[in-house]
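**Student:** As a plain string of letters, each chain reads:
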Amino acid sequence: MSQLDELYQELVIDHSKRPRNFGPLPEANRRAEGFNRLCGDRVTVLVELDGETVRQVKFQGSGCAISTASASLLTEAVRGKTLGEAEALFQRFHQMVTGAPGSSSEGMGKLAVFAGVSEYPARVKCASLAWHTLHQALSAAAVEAEPVSTE
Amino acid sequence: MAIRAAIPAAAFDAAAARQDFPLLRAQPGLAYLDNAATTQKPEAVLDALRHFYTDECSNIHRSVHQLGERATARYEAARRGVQRFLNAGSEKEIIFVRGTTEAINLVAQTFSRSQLKPGDEVLITGLEHHSNIVPWQLACEASGAKLRVAAINERGEVPLEAFEQGLGPRTRIAAFAHISNALGTVNPVAEMIARAHARGVPVLVDGAQAAPHVAVDVQALDCDFYALSGHKMYGPTGIGVLYGKQEWLERLPPWQGGGDMISSVTFERTSYNELPYKFEAGTPNIAATIGLGAAVDYLEHLDRAALAAYEQDLLAHGTQLLEGMAGVRLIGTAAHKAGVLSFVVEGVHPHDVGTVLDSVGVAVRSGHHCAQPVMDRFEIPATTRASLGLYNTRQDLDRLAEGLKKVQEMFR
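Read top to bottom, the protein sequences are chains E and G.
Position one of the first sequence corresponds to residue 749 (our numbering), numbered consecutively onward.
Position one of the second sequence corresponds to residue 7 (our numbering), numbered consecutively onward.
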């Protein structure tokens, strides 16, 4: 598989064209907005937190295929996870897309599809925007959080 | 300092000119279409940079030794080269700065300090690069003046009526691009300047995108200020030019203080140096200035009329290719354009377009091009922009079109 095909795998194209869990979440009690100044991508991550458990996650906004697919797959990956598990997944995802030493896509499930992003430094921010925003939403108190930037 | 592309009879020979550029020689498979961001550098410019450091490295305007005299002579020769290039009346009117951004900041800040009062107005257009918006916002904030904007139409043009309507009794300066970086629109600058002058309003022209494409004659234009960047016209980064009419440069206060811009300093009082040195505080980017001089020489050795005609032909070819593709929409369809093809691909974000094009050796820019208000006007977050240089060929644009087909297949 070429580097380009690895970046834009079928799963990425599919989630970018038909994002899952896209739209409002009236039950949300945590939310944060992310903005990538470089390309103008915007994402709002909405979370319904039930005690320590992420009951539902949805997102809104617009962006490139990588950032949209990443947000879409994020919502599937963290649903039902505890705060600690979601945070650990964010850290592992971040290490994977930045190609940090010792990082791997093993056990990452569908999220492994973004391993190829590490070959494209200019696109790392696209893949990680929704995750940074989730991190912000989960770390914030149950009020509206400040927009985060991946710059 | 070989200039192989010198003086072709009628048609401009881009393939020969390409051989003047070491990076393009080394990467024959590259279709470099990001010239509005920065151009590649010809051998003559690289030679001039190296020659300064290997043979003439010295500070200027202060050393009596031979190296210092040679460096000063080279530096001032570059100023005369730029004066000739812009057809300025005097070399005192050529100020070396870091680039267009710094040139505009120089004028905006000195205007703010000496000319703008609360309630005064500054007029720009809806076509501007951030560097011709934000310096004026800062100037207005500091002085209490108001920023007014002449709106653009759906083709990405500034209608003369809209510009004229923006000129009011309190307008103290008008600032606009000669050619838009985001859309390629060529503004009717001579007419805009005449209308501003008819109301006693001085004009700054942002020429960053024009200098590489069209012959600029500041006296014929009668502009009060003209700003340009060396690196967008085949010169080095970190060097640019502010042309200013001598009467204005004398009226405005110094901008930055430091060495070289003074004639005498005591703790009680400092008197300032004459033009152009009044605006050149501190040791300048000597090597890059000399490099810019070489870039000007390089451009002047080309048949610039033939080059402009050639670039227009390329633009027409590219426009035809993109207009012929279903799902591709050109943004910016002004009657007069130069050098830029900005477009969106239906259903595909410009960043994805840029990444796929890069994978097939086509370098373009994706984003808002530091012109977010232009993007807002067209209700899009970003575009993909292919921008032309003198070494581009029809084949480069054909490869762009092929690459776009690949984009559409991938994201079908």
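Hints listed in this document are in silico derivations from the structure and should not be mistaken for laboratory results.
Keep in mind it's a predicted model, so treat the numbers as computed, not measured.
All residues carry an ideal CB built from backbone N, CA and C; glycine is no exception.
Just to be clear, a hint being listed does not mean it is correct.
Taking CB as the label site, the calculated pair distances span [unchecked claim]:
{"no.": "1", "chain 1": "G", "residue 1": "Q262", "chain 2": "E", "residue 2": "T846", "range": "35 to 41 Å"}
{"no.": "2", "chain 1": "E", "residue 1": "T846", "chain 2": "G", "residue 2": "R161", "range": "40 to 46 Å"}
{"no.": "3", "chain 1": "G", "residue 1": "D61", "chain 2": "E", "residue 2": "T846", "range": "40 to 46 Å"}
{"no.": "4", "chain 1": "G", "residue 1": "Q33", "chain 2": "E", "residue 2": "E758", "range": "30 to 36 Å"}
{"no.": "5", "chain 1": "E", "residue 1": "A888", "chain 2": "G", "residue 2": "I268", "range": "49 to 55 Å"}
**Student:** Hint compliance check: list the failing hint numbers for this structure, sorted ascending.
**Tutor:** Failing hints: none at all.
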